[in-house]
Structures are given as C-alpha cells and as structure tokens.
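Residue numbers (the working numbering), protein chains in the order written: chain A, 1 to 316; chain B, 1 to 389; chain C, 1 to 376.
Warning: the hint list may mix true and false statements.
Listed below are the simulated DMTMM-like cross-link pairs for lysine to aspartate or glutamate, each with C-alpha atoms no more than 20 angstroms apart in a straight line [claimed, not checked]:
#1 A:K201 with A:E225
#2 B:K388 with B:D251
#3 A:K201 with B:D251
#4 A:K155 with A:E56
#5 B:K388 with B:E232
#6 B:K157 with B:E310
#7 C:K159 with A:E132
#8 C:K159 with C:D305
#9 B:K355 with B:D281
#10 B:K157 with B:E305
#11 B:K355 with B:D47
#12 B:K157 with A:D278
#13 A:K155 with A:E126
#14 B:K157 with B:E258
#15 A:K201 with A:D189
#16 C:K159 with A:E117
#17 B:K109 with B:D226
#18 B:K157 with B:D251
#19 B:K109 with B:D47
#20 B:K388 with B:D270
#21 A:K167 with B:D24
#22 B:K266 with C:E48
#23 B:K266 with C:D51
#24 A:K192 with C:D25
#25 B:K175 with B:E164
#26 A:K25 with A:D175
#27 A:K25 with C:D120
#28 A:K201 with A:D175
#29 B:K266 with C:D49
#30 A:K192 with A:D18
Short, incomplete list of chain A residues facing chain B, as computed with Cβ under 7 angstroms [as the list claims (entries may be wrong)]:
#31 D18
#32 A22
#33 Y28
#34 L30
#35 G33
#36 V240
Listed next, with one range per pair, are the computed distances between beta-carbon atoms [to be verified]:
#37 B:V206 with A:T171: 44 to 54 angstroms
#38 C:H79 with A:V293: 28 to 38 angstroms
#39 C:A190 with B:V206: 39 to 49 angstroms
No lab work stands behind these hints: they were computed from the structure.
Remember, it's a predicted structure, so these values are computed and weren't measured experimentally.
The beta carbon of each residue, even a glycine, is placed where N, CA and C say it ideally should be.
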Amino acid sequence: MTVIHQPETAEANVETMDWMAAQIKMPYTLTPGQATGIFLAELAGRRLIGSRHGDELIVPAQDFSGTTGEPATGFVEVAPVGTVQAFTTGATGTIGIILIDGSTVPFVHQLLGVEPEMLELGARVEAVWADEPTGGMLDLAGFAPLGSAATFEPKDDPADLAAAFEKVDYTMTLDYRHAYGPYYGTLFDGVKDGRRIRGVKCSACRRTLLPPRALCDICLAPTAEWVDVEAVGTVQASSVVHIEFIGQRLTPPYVYAEIVLDGTSTRLIHMVGDVDPDVAQTAAAPGARVRAVWSDRHTGSLADIDHFELLPGDET
Amino acid sequence: MSGRSKSIAIVGTGQTVHARRRTDVSQAGLAREAVVEALDDAGLTMDDIDSVIVASGPAMFGAVNQPEKWLVDALGARYKPVVRVTSGGGTGLAGALAGMNQIKGGSAKRVLVVAYDKLSEGQLQASISTLYDPFWGREFAVGIMGFSAAYWHARIKRLGHTEEAAAMVGVKNRKHALANPKAHVKKEITVEDVMASRPLCWPIKVLDVPPISDGACAVILAADEDALSITESPAWIHGMAYYCEADNAADRQMIQSEPLQIAAAKVYQDAGITNPFRQFDVAELQEPYTCFELSYYEGLGLCPEGGAAELVASGETAMGGSLPVNPSGGCMGANPIGATALIRLAEAAMQVTGKAGGHQVPGASRALVQAGGGWANLRGVAVVGSEKR
Amino acid sequence: MMNTTTRRVAVVNSAQTVLSPAWPDRQHIDLISEAVAGALKGTGLRIEDVDFVIDSGSDFLDGRSISNCGFLGAMGAHHKEESRVEEDGLWSLSYAHDKIAGGSAKVGLVIAYSKPSESDVRNFWTGLLEPFLQRPVGLDQFSAAGLYAQRYLATAGLKADDLHAVSNRAWERAVANPYVDVAEVPGDAAFWNDPVSTPLRASDLARPADGAVAVLLASADVADQVSATPVWLTGLGSAIDQHFLAAREPDALPACAAATRSALRMAGLDDVRSFDLAEVSATSTVGELMVLEALGFAEAHRGLDAYVGATTINESGGALPADVIMATGLVRLHEAASRLAGRTGYETPGATSALVHGTGGFAMQNHCVVTMEVAS
Chain A
1 MTVIHQPETA EANVETMDWM AAQIKMPYTL TPGQATGIFL AELAGRRLIG SRHGDELIVP
61 AQDFSGTTGE PATGFVEVAP VGTVQAFTTG ATGTIGIILI DGSTVPFVHQ LLGVEPEMLE
121 LGARVEAVWA DEPTGGMLDL AGFAPLGSAA TFEPKDDPAD LAAAFEKVDY TMTLDYRHAY
181 GPYYGTLFDG VKDGRRIRGV KCSACRRTLL PPRALCDICL APTAEWVDVE AVGTVQASSV
241 VHIEFIGQRL TPPYVYAEIV LDGTSTRLIH MVGDVDPDVA QTAAAPGARV RAVWSDRHTG
301 SLADIDHFEL LPGDET
Chain B
1 MSGRSKSIAI VGTGQTVHAR RRTDVSQAGL AREAVVEALD DAGLTMDDID SVIVASGPAM
61 FGAVNQPEKW LVDALGARYK PVVRVTSGGG TGLAGALAGM NQIKGGSAKR VLVVAYDKLS
121 EGQLQASIST LYDPFWGREF AVGIMGFSAA YWHARIKRLG HTEEAAAMVG VKNRKHALAN
181 PKAHVKKEIT VEDVMASRPL CWPIKVLDVP PISDGACAVI LAADEDALSI TESPAWIHGM
241 AYYCEADNAA DRQMIQSEPL QIAAAKVYQD AGITNPFRQF DVAELQEPYT CFELSYYEGL
301 GLCPEGGAAE LVASGETAMG GSLPVNPSGG CMGANPIGAT ALIRLAEAAM QVTGKAGGHQ
361 VPGASRALVQ AGGGWANLRG VAVVGSEKR
Chain C
1 MMNTTTRRVA VVNSAQTVLS PAWPDRQHID LISEAVAGAL KGTGLRIEDV DFVIDSGSDF
61 LDGRSISNCG FLGAMGAHHK EESRVEEDGL WSLSYAHDKI AGGSAKVGLV IAYSKPSESD
121 VRNFWTGLLE PFLQRPVGLD QFSAAGLYAQ RYLATAGLKA DDLHAVSNRA WERAVANPYV
181 DVAEVPGDAA FWNDPVSTPL RASDLARPAD GAVAVLLASA DVADQVSATP VWLTGLGSAI
241 DQHFLAAREP DALPACAAAT RSALRMAGLD DVRSFDLAEV SATSTVGELM VLEALGFAEA
301 HRGLDAYVGA TTINESGGAL PADVIMATGL VRLHEAASRL AGRTGYETPG ATSALVHGTG
361 GFAMQNHCVV TMEVAS
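The shape of chain A in the complex, shown without the other chains (with noise of 0.2 angstroms):
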C-alpha cells in the first residue's frame, strides 16, 4: 500500500444542517508479533498452537502472559477440543469462554451450531475451520458441539511450525455524526444560503473569532456579537502542494494557506487555486491578498468556497 488514503468527509446532512456526517477510513497492516503470529499461520493447516509461560500454557499462543508478563518458552499443539467456561447470546450470536483441552487460559470465540436454550456450562466443543483460509483468527470460525474431533495431550515442540505471519490487513473504518452546535450552524447556515461569512466578537477583547464560538480562547470571555466578515484576507502561512492523494480536491500544484480574513483575528484553512505553478511561491506568499471564489456548491461548509484566488496589488 503505497498511496495515502485522505480521510473521507461525507457531504454536510443539507436538509436539516444539525450534524455533518464524517468518516474516517483507514488501512492497515498489523503485526501480531511471533507467538501469535504462529497460531495465526497455523490455522490455515487447521492446528491450534498454544504457548508455554512457566506453568502456564496460553491457546491462543501469545507472546507474553498478561498474568506475569513472562515470554513465551516453547510452542505446543493442542487439540481442537475444549470446555465452554460461559457464553452470551446476542444481536450477532453466541460466543463463549472456551478452554482448550490441556491448557491453563481460556480465549473468547463464537459457538456455532448451538442452541443457546440448550447449551450448558461444560459443554464440550469442538473447532470449526473456515472453508477458505483468508489470514486471521476466523480462519477458525468458532466452536460447535464436540462430534469426532478427537482430544490428546498437549504436543510440545510440534514439528514444521509455520512462519509466523507478519502482517495481517485491517481496515479501521469510524463513523460520525458531528454536531454543528450553535455557532458552526450559524456561520455554515449563512455560507449556504446567503454566502455569507460571520464571525463572533469577544466581549473583552473585541477581537472578531472565526469560526465563531461561546468563548474566546484567550479572554474566556463571552462573544455573542456577530459580524459579517467580507470573504477577503491575506495570507498569514501557505505552502505549494506538490504530493497527491486520495481525497485530493485540486490536482497539485496548488497552494495550501493558512487566510486571515479581514477584520479577524483567526486562521481560515483553505486553498489558493489559479496559481501559475511557476511563481506559486511568490505569488501566493504569506502577505499576499486573496479572495473567496465561491462555487456552486451550496453544501453549507467551507468547500462551498471553490478555492481562494489572488487579489492583484501590494502586499500587506
């Protein structure tokens, strides 16, 4: 995986504008380290693998006991037969303490092909196997009442032990419903309809905070006062983007800039477009006046404003 994934920001929830949904969707490539890097492998040759901590012996293998926070000594095959220690019933099935047949710590997994009604504390199970191996722990997809799988003692130092994996692919997808609150509602109520941009004055200070909220961050005092704010400034920071990725709202180069507007005290985060690449980094230098080009887009959030051009003149 080479490219850089960009966070997705779902459109804002235009109709009513009391939350904008966003979501945060990453890959990954995660380590399970050896001993469980081991079991994992070995699943996909249908052995359990466990892991011998001084008198502890821990299925699945891990690499350290979390009740001594000893390394693992030695690697032993264990059957794929166990005792239900509990077990719950849910929205999405059952799962249960399960404590493999010789060994000292029981693991959770999902009890397949059980009725819950009828299942009882001891019972004996035995492994499923996932038809298709695909990487992961549900390469053993769980338990069902014991058939012919046959138990035996713990096997120490089994022969040909698989590689351990060194990575396994996960993807961390989060979901949200953020509130705009009071005064994003407000601001983004006015960029949407009325392209207007509005700010809050501290009642101490008078300095004009944007975005606009209770608070000002330095006073602690209250703000309350609005003010339109033109969508004018000048840049305070910018820098020239030249790397892509997903997500990417312009095709590079162009200018990320930090754009106090007037009157403000504050940052506004956007872009500067219609830069001629060669002198971007003169053009839009910090100090240089700029623009809101709006678009027509009326999603009530800062991407309502396209991009931020250049104002011809001195700068400040």
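Model the placement of chains B and C on the given structure of chain A, informed by the hints.
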C-alpha cells in the same frame, strides 16, 4: 509548602533499534523491548516499579484505542497503576512529566515511562489529517505537512530561515545519526542533495522530512537517595515543563512558538539557566521537519530572533561545535513519533551520564531537551544534568 | 507511600452539564465551556489563577486525533501547562492531585467529557481490544458484560430478574437527579425483559450519555481562602488488570480491589464501610455489584447487600442511566464532593467522607479509587 520538593532523576533508559518496519514484533512487543533494556540499565525488575506511564501517538496511528490496555500484558504490569498520556509528537515528554509528578506527589517511588509508535502499520499522513477540525479545514489538510511548510514559509520571509539553512540541519543530523547504533537512517547527504530533492509541500522537500519509523523508548524515574541507590550516575532533571496554546487563539501567528518560549522561561528559571547557549553542553531537539530545529534555536534562546540560519551555518551546533544539537541524529535518524520526545530525553540523560558511546559529547554535564506536538501548539522543555540540583 | 513533604489537596468547586443521551445541538466545546465556567463560578478564582489543566477525552469518540488540541481554548488552557490523559477523568484528577501535592502548582483544573452520540459507540469499545484474537470474534461491550453476568449469577445463586433491583434503584435516583436527562424510569417491557446479551437486558447495561464535568483543585493555602468547605483528597489508588478478557477472574475485579487497597493505605483507613457516601462506576448491573464487592462494601457475590449497608451508594443514580464514558468517574467525584460540601441542591447532613470509583478500558480493565473528606 512544607519541606523541599524532591529531585527526580532518570536512573535507566532503553531504546529499541529503530526501523522502517518491524515485522517480528507487535506494538506491545516493541514497547516491551525498550522496557527490558531500561530495566537492565537500571538493574531493576518490574517488581521494583510502582507505576507505569505509557505514552504513544494518536490511537488512530495504530488502530488500537487506548493501546496501553493491551501493552499491560507485554509489560507484566498487571495490578499496577498504568495510565496513558498522549500529546502528539511531544507525548513522551508529557509522559515523563506525569511520571515526575507522581513521584513528587507521593503516589509512586519509581515510575516507568514507556513511549512508542509503530508507524509502519498505518497511513501516517491520513492519520495526521484527522487532527483537523472536521468543520474547519480537514478537507484541505495535507497531514501536518502543509501546515508546517506554510509557517516555515512565513519564517523564511520574516526570519531568514532559508531552505539552505534548513538543509544544513538535515545534513548535520543525518551525519550525526551515522554514529548512533539505534538510528535507522544512515546515509550522509549534502545541502545540494536536499535542495534538489523533490518538493512535497514546498518549502518542505523529501530530504527535509524524517523517516517513518517503528520504535520505542523507556525511561525509569526515581527521586533523591532512592535514585542514588539504583545508580551511581543518575541524570538529574533540573526542570521540565509542557505548555500549550489554543489552536484558534486570536492573533496566533506562529512566527515564534509562544508555548515554547513560556516553557523555556519556566524551565530555565527552575534550572538556573541564564545564558542557554553557553550553559548547555548538548541539546536534543525534536525536529519533525528540518525547519523546526531552526525555529527552536530561537525559541529556546540559543540565538537571537532571526539568528538561526547563521547559527547552523557556523557549525557550532554540529558535533565538535560549542553546543552540539542532536548528536543522536534527532528525528532524521529515526522518528517513531510517539517515542520521539522520550528518545530526546533519554539521549540527553545518556549524554550527561557519559553513556552515549560513539555519539557522546565529551564531558557533557548539562543537556537541553525540547519536544512538542499537535498543531505546533503543545511544547515541552527539559533540562537534565549530571549534578543534583 | 504518603510522603511528609507532600501538600494537602482539596476540591474547591466542581460543575457538570446535564448528562443526556444526545446533545445534538451543542458541540464538545460548548459542553466543556459550560462545565469550566461552572467550576470557576463563585470561587473568586479566575481562569488566570489556574496554573494548569489536565483533561480526559477520547480521540476515537471525538472523531479527531489529539482531540485536546482543538478544545484547549474552551478548556481555558491557553498558555498554561496542559496534559491529556486518555482515560476516565478520575485519572486526570489523580495526575492533578500529584502535581499540586508535589509542590509544582497550586491550582489545577480537571476536565472530562464525552459525546458518544456523535459516533457508533461500539467502535469505541471494540477498538480497545487487541486486533488479532479478540476483536475479530464478535466480542463487544454487551457480550463481555453477558459473559461476566452468566458466571456471576451462577455462583451467586441469582436470577437475571434479581438484577432489576439494581437498575430500578439506579434509574429512580437518576430521575431525581436534575443533571441526568431522564423524565421517568423506563416503563417498556422490552427494556426490562428482552435479552440484549444473555442473561442481560437493556436495563442491565449502561446507557451512553453526552456531557462534561470540570473539577477545580487547589493546595491547602488556596483552598482555605476560597472555599468554606474544601473537600480534601485523602487517598488515591489505581490498578489495571490484564488485557485478555477470558484470562481475567470470571466474576470478580481484583484490579479494583488492588486500587482500593492503595487508596485506603494512603488515607490511613482499613474499612470502607466507614465512608458515609460512595459513588461508583460500572458498565452493567453485574459490573456494579462486582465493583461494590471489590471495594469492600459487600462480600463476594453478595453485592446486593451493599445497598442496605451503612454507606449510601450512588445517590446520583450512578453510571447505569448516564455513562459519560471518559467522564463517568469524574462525574461521580463531582457528585460526592457536592454532597460533602453541602452545595445547594446537594445538601447531605452528616456526610463527611466519601469514596469515589472510576473505571476504564474494555470490560472494566482499569480501576481508580479516590477517597475524600470534609471537616466535620
């Protein structure tokens, strides 16, 4: 106040050998490696540790929420106090400060601070982009790189922190890293190489950027006589502070970092520093991009405002100069973000106790440490010395 | 480990927002600002008098990394020392206590908040699990509570219906608590009877809530000046259990017991039953019983006895009707401190000591105990 405040010392340090990708250990196993080395260094075991502070970068870097809950097993820390302090790139120093306060406040005698990140496992720039307010700028984020480059650009104009000056930082630190057995980027470069390297977010170019690393660092803290009972040569912490500024504070210009200046003033007062350039023998500064080291020279008072380019060009901050900065190679040698700040502190402790090996500054007895994170709005400073204060 | 050179630390004031299943019209900073303003109000202390801020919140819940960065202004932290402890606010309070007790500062503001309504809270809980062995198999906050409950009930000789007493009691008190957004005890049969994760029903599981809380701590010299009834912190302790759920004790919380021992040792006490009040956290009814047993308010498997003991338990309603996730323990402390100080609306004649408990991590892996007293 009744009685004198305790003096806290670093009595053991440990680091992994940092790498672009460690496929042999999990996040938890990585942290453990540093802890084992620190315990060995101090001649202690986990039984001797009262409390553990885990410091790591944002949880989204590694896809594990509150990862200290998982690390407990690898650290053998069951039934001990374990808590995580997180503060972006400065988190290791923020963790050490929490540990110092536990000892000073009487809730622990010996504290283990362990910091790590395993950045190879996630998508770094995408993760960092989630720093941005979802309503205010996230859709324009380029990690923290676009932002960092933008304010460097402003400092180029205002303070003369030229591309060449920053390149000298990169050249110097990469050269230093050659002598550090823990560093993983070991390649000498020239100013011309940096200048010719591909722009990512100009003025930041490829060679202004540190590596992406897997790594961990651990430090053991103790006080007064207890510290001396553990080691003959504790590294005494003369001062440590970690200040912030509000991201959206009015008039925030970031030409100089105000929280850095506040933290430095506090720590210098505690440590009796009045002329930092003369009084320090060595400094370890966290430079997530080359340009930041220039900014910190000024914020820490090592030179006057606008003097950073001249200072780096003078060679005085290189090994052999009067104040070597980042003899370890700094972030340019390895940058496991969550561990980086604690590495700076550990390296400083190694320097003042004469344990820095091939990158030892001869006779160093007082060291300056700086770290920070977030939106350049979290900034910490520490001073460590061979003499108890 | 109480050291003679450490200074006494007191809660001089505290405040919270209303805890609601959702605050759809307010942002994190709005909730935080309200709590901070409330904590300063009436103390004579201004934000300039606050030396430092320690805060608890969650990047996963907030949907942003280093989420404290964006909230520093609302927390009143600008140009102050600030630290984020990514754990329940009771751990932030412990840090703040140490900082003042050790002489590094005099006045500290402790803040905790969560807004779980903005996210799928299951992701927060399952994200706590190591991702290789436990996260893929369907384990979540509900099934974990169910696994504990099955074993606990079996050993204790109780039925699931016996747990109605715990939740009913909690919800009745929450209804009476103006800071919990609930008009009446839920009446629908499904809430009380339909299994969510057997043997537990919705009534057994903590309801996530949005809210914020702020606590103002000060050293003795300041506290005595600004507060008529400073609430002194007398003991603090925390301890964590191992990570893998199945490897932990089946129906007890030894880490909670270890945290309690530490706090009592510091306070110089040996019996928790001497406390007038207790405010404890839990993510389920069975969890609350196990906490009460680990704290020492009842024998093992006799947690129900705790509610009729000498100590008044969870007069606020506790965590079940309003679990502010990263703030629940600190809300408990605010509730107890308000009662000990006899603040308006919290008058509790005769109460001079309290024990507060907070928890964090998956299925209550981590525990923190704080003891407090006022001059009688």
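Give me the numbers of the hints this structure contradicts, sorted from smallest to largest. Those not satisfied are hints 2, 7, 11, 28, 31, 37 and 39.
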